[in-house]
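Asker: Protein chains in written order, with full-length UniProt numbering: chain A, 1 to 242; chain B, 1 to 246; chain C, 1 to 504.
Some clues are possibly wrong.
To be verified - Think about it this way: if two alpha-carbon atoms lie no more than 30 angstroms apart in a straight line, the pair counts; the simulated BS3-like pairs of lysine-lysine are:
| id | chain 1 | residue 1 | chain 2 | residue 2 |
| --- | --- | --- | --- | --- |
| 1 | A | K146 | C | K28 |
| 2 | B | K102 | C | K426 |
| 3 | C | K377 | A | K180 |
| 4 | B | K13 | C | K377 |
| 5 | C | K426 | C | K11 |
| 6 | C | K406 | C | K423 |
| 7 | C | K28 | B | K73 |
| 8 | A | K28 | A | K157 |
| 9 | A | K102 | C | K377 |
| 10 | C | K416 | C | K426 |
| 11 | A | K88 | C | K423 |
As the list claims (entries may be wrong) - Sample of chain C residues at the chain A side, in silico, Cβ under 10 angstroms:
| id | residue |
| --- | --- |
| 12 | E53 |
| 13 | Q57 |
| 14 | H61 |
| 15 | Y386 |
| 16 | L427 |
Hints are computed from structural coordinates only; laboratory data are not their basis. Even for Gly, the Cβ is constructed at its ideal location relative to N, Cα and C.
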Amino acid sequence: MKVSLFITCLSDTIYPRVGEAMVRLLAKYGIQLHFPSVQTCCGQPAFNSGYWKEARESAKTILDAFEDSDFVISPSGSCTGMIHHYPKLYETDSVMRERAIKLQRKSYEFTQFLVQVLGVKDIGAVFPHKVTYHPSCHGSRLLGIKEEPMELMRHVKGLELVPLPFAEDCCGFGGTFAVKMADISGAMVTEKVDHVLETEAEVLVGLDLACLMNIAGNLHYRNQPVKVMHLAELLYEGVKQA
Amino acid sequence: MAKQVDSHEEWLKQLAEESRRKQETFMNGIAEKLRRPRITSAPEHPFRGAPDFWKAFEWPLEERIDRFEANFKAAGGHVERLADMEAAKRFIADKAEALSAKYVIRQNQPELNELGLEGALEPLGAAVRVWNNDPEENWRARAAESDFGVVIADYAAAYTGSVTVLSSKDKGRSVSLLPTVLFVLIPLERLKTRLGEILPDFDAAGREALPAGIHFISGPSRSADIENDLTIGVHGPGVVYALMIG
Amino acid sequence: MSTAHTASTVKERADLALNDEFLRKAVKFTTERLRNGKKQASEEHGNWDDWRERGRQIRLHTIAHLDYYLNLFANNARANGVHVHFAETSAEAVKLSLEIAQRKQAKSVVKSKSMVTEELHLNHELESIGVEAIETDLGEYIIQLAGETPSHIIIPAIHKNRYQVADLLSKEAGETLAPDTSILAGFVRKKLREKFLEADIGMTGCNFAIAETGSMVLFENEGNARMVTTVPKTQITLMGMERIIPSWADLEVMATLLPRSATGQKLTVYMSGITGPRRQADADGPDEMHIIIVDNGRSLQLGDPEFQELLNCIRCGACLNACPVYRHIGGHAYGGTYSGPIGAVLTPALQKNVAEWDDIANASSLCGACYEACPVKIPLHEMLIYLRRRKLEQGHGNAAESIGMKGFAAVMGNAKRYAGIVKLGKLGQKLVVRDGGIRLKLGPLKGWNTYRVTPSLPKKSFRDQWGTLEQELRHGLQELDPNVRSRMESIMRERDNKGGNGHG
């Protein structure tokens with residue numbers, strides 16, 4: 001059985017520690033992850049902007065990378081969500097479309113895999129901090145990841161989960177949206193961070209690095225000391241402490 | 001329009017001819033865009049109406065009464081449960097006295113003819129008009145100047161807290177709309193659980209049997225258009241009493 | 001804000017809105033109230049997704065057989081004594097409306113809320129032939145006095161506060177009215193009561209048209225739509241050609257979805273089904289009734305697999321209330337009759353000229369809140385992407401962006417080139433990184449860094465570290481739990497047998 005890591009470009013280049021945390025946590029359960037190095041980016045920036053030809057160039061590396069994998073795990077609901085768009089992206093190419101559908105069926109976001117496939121609820125972590133959670137839009141709305149992270153966090157000893165007001169509201173990232181409509185995006189992330197600060201949490205946790213980078217960027221800009229973590233990082237941190 | 005026509009009727013006839021021609025173009029255009037031949041016989045409609053699990057849903061009478069009351073009140077309406085029509089008459093008369101009503105308009109229905117509102121209200125100084133009992137009268141104006149309107153519900157639905165009134169020669173649409181205060185008498189046997197126990201009756205009746213106006217009323221007229229501040233009685237009656245009889 | 005109409009792009013109009021403190025607060029407050037209402041009402045009702053799916057199926061079925069159902073509706077309405085008309089364009093619909101008004105020698109028209117008449121700018125057209133057009137929905141009346149257009153489908157005057165409303169109504173009253181909601185509404189009731197009673201024509205939109213009986217259905221809370229269809233001698237209804245549902249039984253599903261999604265009500269205060277003009281013996285209701293069936297770009301969506309579902313929309317406004325972009329910029333920034341996510345898709349879709357409206361499709365973070373809120377599950381977030389793609393296909397791309405995307409494809413199409421670029425980035429960033437972050441406000445980073453600090457690239461990417469990490473973990477790897485292994489194997493078997501999209 002071949003379980004592969006779809007690292008996503010953000011984790012690969014900016015947040016390698018998230019990939020490492022995932023790899024180490026899954027090893028605990030006897031999952032030896034494979035890392036096919038031909039993978040690049042899921043193609044979402046181009047796809048969402050309407051540049052589908054360009055998106056296919058990038059998507060092809062993902063299809064090639066995971067052709068013979070049985071399970072494909074990523075640290076991002078959004079990038080796994082993009083794989084769900086591949087059949088549409090290759091609508092007119094029946095061979096590629098078939099490959100896309102196959103990939104879609106075996107792709108999982110990290111917490112989905114942990115809870116749905118491995119059946120893990122209590123990962124044996126200790127994290128005595130006040131934490132709030134931002135459910136990223138693509139993961140929660142397009143993949144329906146709602147209960148999985150909650151289940152995992154509920155079992156972390158010492159973790160105090162504070163509800164984030166208007167949690168389901170988009171943080172304003174939206175890929176090229178943040179550049180093209182910078183002021184609207186800025187207003188959205190500012191409001192998101194206002195809500196984070198309202199919770200007085202020490203840590204903001206999430207499942208999507210793009211959103212976390214956006215929120216962390218605004219916190220940093222405002223010199224706010226709230227720590228921003230991917231849930232894989234938090235769990236790994238907690239397992240080390242246990 | 002092609003040629004100048006004189007009478008209004010002639011003009012309408014000309015529009016009708018044009019409309020029929022246009023109708024063909026329109027429908028053919030739709031079929032063409034949908035890339036298939038015109039559909040001229042009823043297609044199978046497997047999703048008609050509410051989901052199946054909903055169609056069997058029904059509350060017992062006491063619960064229907066309670067739920068109707070809760071919903072109607074939540075929408076800002078008033079609900080009274082009264083033993084019989086006599087009690088309804090007394091209730092309306094008391095309100096007329098308390099509010100110094102001058103004009104009352106009611107539907108021309110046998111149950112209301114028997115009620116004897118006239119006898120109870122006229123000594124209190126309130127004139128009772130009976131909808132459309134004189135074809136020469138301007139009934140819209142009479143309804144508009146009325147303090148009270150009195151109607152009998154044809155149906156009521158507990159789940160949404162709604163009453164249904166159907167129009168006819170003897171049942172004016174204005175009576176439930178133009179007066180300041182509306183009284184709707186609801187015989188309990190007409191109180192259903194769901195809208196789905198009422199609406200299919202109109203399908204069953206068929207086009208030719210339908211009245212011009214079918215109105216579901218679920219409380220007093222309201223608006224939240226100014227700063228979200230709820231205002232009652234914007235155009236329709238601001239005070240609505242649902243009187244449950246039986 | 002009326003100034004919003006003079007700004008030419010969504011971005012400029014959004015900037016105006018973002019700087020208008022009251023507007024932002026008012027829009028936030030109202031959309032929050034409405035979406036909480038919806039959430040509560042749909043949860044209380046239960047099985048919400050089953051109802052949404054049912055609503056979607058009814059709408060899909062009707063639109064897929066629109067020639068049959070619309071034809072049936074027209075024939076039945078005509079048999080009820082309605083004068084039915086067809087208008088392919090807004091100009092035709094305007095022409096018909098004005099002709100009826102002139103034939104009836106109308107001096108005034110009282111109107112209830114209708115988005116179609118907004119599309120046609122009908123008030124303006126009526127005024128141009130000397131017919132007074134009076135909006136009678138409280139919110140519509142307020143913005144008509146202000147000379148503006150609705151900024152929300154359900155709450156048209158969402159952007160006005162009570163002081164502004166008091167000023168507008170005081171002018172109309174010829175005396176100073178206190179900024180008290182009940183006083184203001186009381187004035188409007190009295191004033192419009194006179195207008196209803198003297199108007200020659202009542203004009204309405206149409207929420208649903210029932211094909212099998214030729215009836216039209218209106219949902220409202222104030223009673224003004226009932227006034228408009230009860231008091232004047234002539235009624236004109238303008239309806240989009242897609243407003244059809246087959247039967248009254250289907251209306252139950254729409255009546256379940258629409259009010260809950262729009263305002264969180266179990267049913268609007270009034271739901272009226274009008275079947276033809278008044279019967280001969282009736283003492284109220286219109287003597288003459290016209291229904292104008294309007295295309296105006298709607299049929300362009302038919303047979304288009306990416307956009308046909310747009311015709312399923314029941315105009316509830318739930319997507320506006322859910323949208324985080326709408327919440328910050330309000331309705332006028334969208335620049336068309338329809339605002340919010342539905343407007344961002346519908347406005348260009350109704351116009352053949354996609355390029356002219358292209359920037360509206362960019363005003364979305366594609367978060368999908370609109371789809372989640374939609375009572376008939378229209379995938380607006382996907383349609384926005386299709387619009388962006390079509391704009392490019394039609395040659396209206398932005399030159400700098402397409403160069404950027406070509407570069408993206410070149411780098412991302414090949415893992416070696418990708419790794420090389422990352423290396424270059426690590427070198428390049430040395431010039432700009434301060435305290436572990438990049439604050440430079442230049443080039444593409446300008447907008448981003450106005451609100452954020454950009455993280456710097458770490459020394460080693462994940463792929464740089466992989467070799468060492470893999471070796472380390474290969475030793476001391478746990479044995480995979482046999483139960484888990486068998487579960488994984490059964491998942492694999494199941495997905496091979498199943499034709500669907502698997503999990504998620």
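Asker: Taking 30 angstroms as the top limit, are the C-alpha atoms of C:K28 and B:K73 close enough?
Answerer: 28 angstroms, holds
Asker: Does C:K377 sit within 30 angstroms of A:K102, going by the straight-line distance between their CA atoms?
Answerer: Between A:K102 and C:K377 the Cα gap is close to 26 angstroms, so the pair holds against 30 angstroms.
Asker: Is it true that the CA of A:K146 sits at most 30 angstroms from the CA of C:K28?
Answerer: 25 angstroms, holds
Asker: Holds or violated: B:K13 and C:K377, Cα atoms, limit 30 angstroms.
Answerer: 42 angstroms, violated
Asker: Next item in the hint list is C:Y386. Is there a CB on chain A closer than 10 angstroms to its CB?
Answerer: Hint on C:Y386: holds, closest Cβ of chain A at ~8 angstroms, below 10 angstroms.
Asker: Tell me if the interface restraint on C:Q57 is satisfied: Cβ within less than 10 angstroms of some Cβ in chain A.
Answerer: Nearest chain A Cβ about 21 angstroms off; hint violated.
Asker: Holds or violated: A:K88 with C:K423, Cα cutoff 30 angstroms?
Answerer: The given pair, whose Cα atoms are some 33 angstroms apart, is violated under the 30 angstroms limit.
Asker: Close enough to count: is the Cβ of C:L427 nearer than 10 angstroms to one in chain A?
Answerer: 14 angstroms, violated
Asker: C:K416 and C:K426: Cα distance at most 30 angstroms?
Answerer: 16 angstroms, holds
Asker: Please verify whether C:K406 and C:K423 have alpha carbons no more than 30 angstroms apart.
Answerer: 20 angstroms, holds
Asker: Do the numbers back the hint for C:E53, that is, is its least Cβ distance to chain A under 10 angstroms?
Answerer: This interface hint is violated because 15 angstroms lies over the 10 angstroms limit.
Asker: With the threshold set at 30 angstroms, check whether the alpha-carbon distance from A:K28 to A:K157 stays at or below it.
Answerer: 18 angstroms, holds
Violated hints, listed in ascending order, are 2, 4, 5, 11, 12, 13, 14 and 16; each of the other numbered hints is respected by the structure.
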